[in-house]
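*Asks:* Residue numbers (the working numbering), protein chains in the order written: chain H, 46 to 388; chain F, 46 to 388.
Honestly, the hints are just simulated from the structure, not real lab data. These numbers were taken from a predicted model, which means no experiment stands behind them. We treat Cβ as the ideally placed atom computed from N, Cα and C, and that holds for glycine. Heads up, a few of these hints could be off.
[Said to hold, decoys possible] Here are the in silico distance ranges between beta carbons for each label pair:
{"#": "1", "chain 1": "F", "residue 1": "71", "chain 2": "H", "residue 2": "125", "range": "50 to 56 Å"}
{"#": "2", "chain 1": "F", "residue 1": "78", "chain 2": "H", "residue 2": "221", "range": "43 to 49 Å"}
{"#": "3", "chain 1": "H", "residue 1": "63", "chain 2": "F", "residue 2": "75", "range": "50 to 56 Å"}
{"#": "4", "chain 1": "H", "residue 1": "219", "chain 2": "F", "residue 2": "71", "range": "43 to 49 Å"}
{"#": "5", "chain 1": "F", "residue 1": "63", "chain 2": "H", "residue 2": "330", "range": "33 to 39 Å"}
[To be verified] Here are the computed lysine to aspartate or glutamate pairs in the EDC-like style, where the Cα-Cα straight-line distance is at most 20 Å:
{"#": "6", "chain 1": "F", "residue 1": "79", "chain 2": "F", "residue 2": "94"}
{"#": "7", "chain 1": "H", "residue 1": "166", "chain 2": "H", "residue 2": "94"}
{"#": "8", "chain 1": "F", "residue 1": "79", "chain 2": "F", "residue 2": "62"}
{"#": "9", "chain 1": "H", "residue 1": "71", "chain 2": "H", "residue 2": "374"}
{"#": "10", "chain 1": "H", "residue 1": "79", "chain 2": "H", "residue 2": "93"}
{"#": "11", "chain 1": "H", "residue 1": "105", "chain 2": "H", "residue 2": "347"}
{"#": "12", "chain 1": "H", "residue 1": "170", "chain 2": "F", "residue 2": "148"}
{"#": "13", "chain 1": "H", "residue 1": "311", "chain 2": "H", "residue 2": "347"}
{"#": "14", "chain 1": "H", "residue 1": "105", "chain 2": "H", "residue 2": "169"}
{"#": "15", "chain 1": "F", "residue 1": "170", "chain 2": "H", "residue 2": "148"}
{"#": "16", "chain 1": "H", "residue 1": "170", "chain 2": "F", "residue 2": "169"}
{"#": "17", "chain 1": "F", "residue 1": "105", "chain 2": "F", "residue 2": "169"}
{"#": "18", "chain 1": "H", "residue 1": "79", "chain 2": "H", "residue 2": "62"}
{"#": "19", "chain 1": "F", "residue 1": "170", "chain 2": "H", "residue 2": "93"}
{"#": "20", "chain 1": "F", "residue 1": "170", "chain 2": "H", "residue 2": "152"}
{"#": "21", "chain 1": "H", "residue 1": "170", "chain 2": "F", "residue 2": "152"}
{"#": "22", "chain 1": "F", "residue 1": "105", "chain 2": "F", "residue 2": "381"}
{"#": "23", "chain 1": "H", "residue 1": "105", "chain 2": "H", "residue 2": "374"}
2 protein chains.
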Amino acid sequence: MSTQQALTGSIIASSPDLGLLLEPVKDELVQVEKFLNSNLVDDSPFIEELLGQVFRAGGKRIRPALVLLTAKATSNPRGHAGRLHIILSVLTELIHTASLVHDDVLDSASLRRGQETVNRKFSDKLAVLTGDLLFAQASVCLSRLMNPVIVGIYGQVLGDLCAGEIRQMRQQFVVSTDWNAYTQKSIWKTASLFAAGTQSAPILNAAGDRVVSEMKSYGINLGVCFQIVDDLLDVTGNSHALGKAAGSDLTQGVITAPAMYVLERKDGPAQRLDHLIRSRAVTGSEGVDEALEIIRNNGGVECTVELARQYARRAREALTVLAPSQYRDSLDSLIDWLLIRTT
Amino acid sequence: MSTQQALTGSIIASSPDLGLLLEPVKDELVQVEKFLNSNLVDDSPFIEELLGQVFRAGGKRIRPALVLLTAKATSNPRGHAGRLHIILSVLTELIHTASLVHDDVLDSASLRRGQETVNRKFSDKLAVLTGDLLFAQASVCLSRLMNPVIVGIYGQVLGDLCAGEIRQMRQQFVVSTDWNAYTQKSIWKTASLFAAGTQSAPILNAAGDRVVSEMKSYGINLGVCFQIVDDLLDVTGNSHALGKAAGSDLTQGVITAPAMYVLERKDGPAQRLDHLIRSRAVTGSEGVDEALEIIRNNGGVECTVELARQYARRAREALTVLAPSQYRDSLDSLIDWLLIRTT
Numbered sequence: 046m047s048t049q050q051a052l053t054g055s056i057i058a059s060s061p062d063l064g065l066l067l068e069p070v071k072d073e074l075v076q077v078e079k080f081l082n083s084n085l086v087d088d089s090p091f092i093e094e095l096l097g098q099v100f101r102a103g104g105k106r107i108r109p110a111l112v113l114l115t116a117k118a119t120s121n122p123r124g125h126a127g128r129l130h131i132i133l134s135v136l137t138e139l140i141h142t143a144s145l146v147h148d149d150v151l152d153s154a155s156l157r158r159g160q161e162t163v164n165r166k167f168s169d170k171l172a173v174l175t176g177d178l179l180f181a182q183a184s185v186c187l188s189r190l191m192n193p194v195i196v197g198i199y200g201q202v203l204g205d206l207c208a209g210e211i212r213q214m215r216q217q218f219v220v221s222t223d224w225n226a227y228t229q230k231s232i233w234k235t236a237s238l239f240a241a242g243t244q245s246a247p248i249l250n251a252a253g254d255r256v257v258s259e260m261k262s263y264g265i266n267l268g269v270c271f272q273i274v275d276d277l278l279d280v281t282g283n284s285h286a287l288g289k290a291a292g293s294d295l296t297q298g299v300i301t302a303p304a305m306y307v308l309e310r311k312d313g314p315a316q317r318l319d320h321l322i323r324s325r326a327v328t329g330s331e332g333v334d335e336a337l338e339i340i341r342n343n344g345g346v347e348c349t350v351e352l353a354r355q356y357a358r359r360a361r362e363a364l365t366v367l368a369p370s371q372y373r374d375s376l377d378s379l380i381d382w383l384l385i386r387t388t
Numbered sequence: 046m047s048t049q050q051a052l053t054g055s056i057i058a059s060s061p062d063l064g065l066l067l068e069p070v071k072d073e074l075v076q077v078e079k080f081l082n083s084n085l086v087d088d089s090p091f092i093e094e095l096l097g098q099v100f101r102a103g104g105k106r107i108r109p110a111l112v113l114l115t116a117k118a119t120s121n122p123r124g125h126a127g128r129l130h131i132i133l134s135v136l137t138e139l140i141h142t143a144s145l146v147h148d149d150v151l152d153s154a155s156l157r158r159g160q161e162t163v164n165r166k167f168s169d170k171l172a173v174l175t176g177d178l179l180f181a182q183a184s185v186c187l188s189r190l191m192n193p194v195i196v197g198i199y200g201q202v203l204g205d206l207c208a209g210e211i212r213q214m215r216q217q218f219v220v221s222t223d224w225n226a227y228t229q230k231s232i233w234k235t236a237s238l239f240a241a242g243t244q245s246a247p248i249l250n251a252a253g254d255r256v257v258s259e260m261k262s263y264g265i266n267l268g269v270c271f272q273i274v275d276d277l278l279d280v281t282g283n284s285h286a287l288g289k290a291a292g293s294d295l296t297q298g299v300i301t302a303p304a305m306y307v308l309e310r311k312d313g314p315a316q317r318l319d320h321l322i323r324s325r326a327v328t329g330s331e332g333v334d335e336a337l338e339i340i341r342n343n344g345g346v347e348c349t350v351e352l353a354r355q356y357a358r359r360a361r362e363a364l365t366v367l368a369p370s371q372y373r374d375s376l377d378s379l380i381d382w383l384l385i386r387t388t
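Work out the full structure: start from the sequences and follow the hints.
*Replies:* Dropping the structure here:
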């Protein structure tokens, strides 16, 4: 079975198109896009230019879509997403984008989604401030929701994002097969923000506790699945989807699921991979290519696909709390879309 | 009259000691210090180490003190500051510190308050994340206040801090004597956070609207006064109080009140100063020394002292809304302390 087949399996038959999935929240996503570019801070045209630079690059807007679909799937009457849900969507994307802008400074990245990064177009200094500005815009959005519980949820998310990055930075080139730590890092880096959105949308609808907790579970599991697929793509090397070179995690000494599956076998290939990482040979192109080959030839990809599927199943189970609707269908199909993100 | 005399004038007679002024909130400041070092994000000892590195350097904790004194001056019965006011104090200092940590990365500073900066001790990357972490800790504090109005106030403050920095960066080496723009920048960079604290403390006490708005006015005017004194110190060169070399604003092309007073005279010295800035001669030690001499010898210092005094007077007027108490006395004496910050 090829990597591609392993990843997509039977799902490929129903290969969901993202545009089609997001059709039920199309109009709201247009409003989100406009709002993302609004200067909430002052009347300076330059700040609008900065926001334009950041958001013109586009992006799939998965997080706002999750918020809006969850909002519509849990509203009464079904299908309604009001002003507060638009703000919640914007806030979620602002936090995500702020962390990307800071990441780009840290990695000295020149391109993001095919557009020049702020650090490249202007300066590192302005890019740090732009990230801060996006966090500030998110805070203004948060305050407009007038909901202390949601303020608490997003406060924790900001902490999780930092904790995840700091932990990852400190674990560079540390060879570990601690699955709890790996999952925790995926929650911090990715799933926590997903879950904040899918949990807060029903809170704004005054939905019952069970709906809120199951939709939180959907967000966590979908987010972990998303991160696992992202880690997998770094190994399988679909650079079109990634927008970065294959093996860039390994090059930076970040050990993820595909490598961990091989490492925990403790056989010959595992020892060789261990050596390539510890000796930092993976920082060179020859070393990283050898490491990727070892991972691909020793089941790292297949095991990781199975892991992603486990989280996908849990995300799908959580959706059973919702009454049937086209919004629930989209949330369900988004799981499949994630799993075939390489195509 | 020497610079020093011009600045302190008759106030020197009553030269207030900061420790004495803060005596009424001494116990609460100990709690604030402990809270500042608490990891609110996860259970990682490394994050505690990072916070320790940042806060061990100390600092005057003016902002927490302002919150606590205002809390006690507006509480009923007088003299009470509870758990929420401690959190508000911590939150205010966290935001201030986060912006300092990011500033240090941007300026590649090695020392802050006599301690190694995070960027120096660890890396730029970790310092950007540490600033983000402090903002995250502030968000967690904000959520604990459970007060949507205060969330709105601090959301705006974050925006103001970014707007102020971005505006300043874009105005480097631009010779301007636009006093409105100068005052606005001082509000964004400094006064907005002061006022958030002095306004939110009475809000938490459910004080009346007039008390809240006058205490906001106190914070704004005290904050602008603080920034003006800071700008002045950069010219008079009391590097002990500053912790940086004299003329560092000019070197970076940042034009503040002392230079603006000379520039707007449009006479010979003004033209020379204008030339030194536009030609960027001020980036060299000879150029900046000449520019500082021109400012000092042409009334830049005296006029700026008078400007600071105007804002000090407005801050003092706002305090008349408070009933007499030792806390009001301290808030009043803090104004004097600011004015003689060079000693």
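*Asks:* Evaluate each hint against the coordinates.
*Replies:* Hint check:
For the pair residue 71 of chain F and residue 125 of chain H, the supplied restraint of 50 to 56 Å holds, since their beta-carbon distance comes to about 54 Å. For the pair residue 78 of chain F and residue 221 of chain H, the supplied restraint of 43 to 49 Å is violated, since their beta-carbon distance comes to about 36 Å. Here the CB-CB span from residue 63 of chain H to residue 75 of chain F is close to 55 Å, well matched to the stated 50 to 56 Å. At about 45 Å, the beta-carbon gap between residue 219 of chain H and residue 71 of chain F stays in the expected band of 43 to 49 Å.
For the hinted restraint 33 to 39 Å between residue 63 of chain F and residue 330 of chain H, the CB-CB distance of approximately 58 Å leaves it violated. Taken as a hint, the residue 79 of chain F and residue 94 of chain F pair is honoured in the structure, with Cα atoms around 13 Å apart against an allowance of 20 Å. A C-alpha spacing of about 12 Å is found between residue 166 of chain H and residue 94 of chain H, which places the hinted pair at or below 20 Å, so the restraint holds. A threshold of 20 Å between alpha carbons decides the hint, and for residue 79 of chain F with residue 62 of chain F the separation of about 24 Å lies outside it, so the pair is violated.
Restraint check for residue 71 of chain H and residue 374 of chain H: the C-alpha separation of about 15 Å stays at or below 20 Å, so the hint holds. Between residue 79 of chain H and residue 93 of chain H the alpha-carbon distance is near 11 Å, which keeps this suggested pair within the 20 Å criterion. For the proposed pair residue 105 of chain H and residue 347 of chain H, the alpha carbon gap of about 26 Å is over 20 Å, so the pair is violated. At most 20 Å may separate the alpha-carbon atoms for a hinted pair to count; residue 170 of chain H and residue 148 of chain F meet this at roughly 9 Å.
For a cut-off of 20 Å, the pair hint linking residue 311 of chain H to residue 347 of chain H stands: about 18 Å separates their Cα positions. Taking the CA atoms of residue 105 of chain H and residue 169 of chain H, the gap is about 25 Å. The hint is violated against a cut of 20 Å. The hinted pair formed by residue 170 of chain F and residue 148 of chain H meets the criterion: a straight-line CA distance of about 9 Å does not exceed 20 Å. At roughly 12 Å between alpha-carbon atoms, residue 170 of chain H and residue 169 of chain F fall within 20 Å of each other, so this suggested pair holds.
Pair hint residue 105 of chain F plus residue 169 of chain F does not hold up; C-alpha atoms about 25 Å apart against a cutoff of 20 Å. Under the criterion of a C-alpha separation no larger than 20 Å, the hint pairing residue 79 of chain H with residue 62 of chain H is inconsistent with the structure, at around 24 Å. In summary, the hint linking residue 170 of chain F to residue 93 of chain H is not supported, as the alpha carbons are separated by about 27 Å, beyond the 20 Å threshold. Under the criterion of a C-alpha separation no larger than 20 Å, the hint pairing residue 170 of chain F with residue 152 of chain H is consistent with the structure, at around 9 Å.
This hinted pair checks out: residue 170 of chain H and residue 152 of chain F have alpha carbons roughly 9 Å apart, not beyond 20 Å. The straight-line distance between the Cα atoms of residue 105 of chain F and residue 381 of chain F is roughly 15 Å, inside the 20 Å bound, and the hint therefore holds. For the hint linking residue 105 of chain H to residue 374 of chain H, the alpha-carbon distance of about 19 Å falls within 20 Å, and the restraint holds.
Taken one by one, the earlier hints fail for this structure at numbers 2, 5, 8, 11, 14, 17, 18, 19, listed in ascending order.
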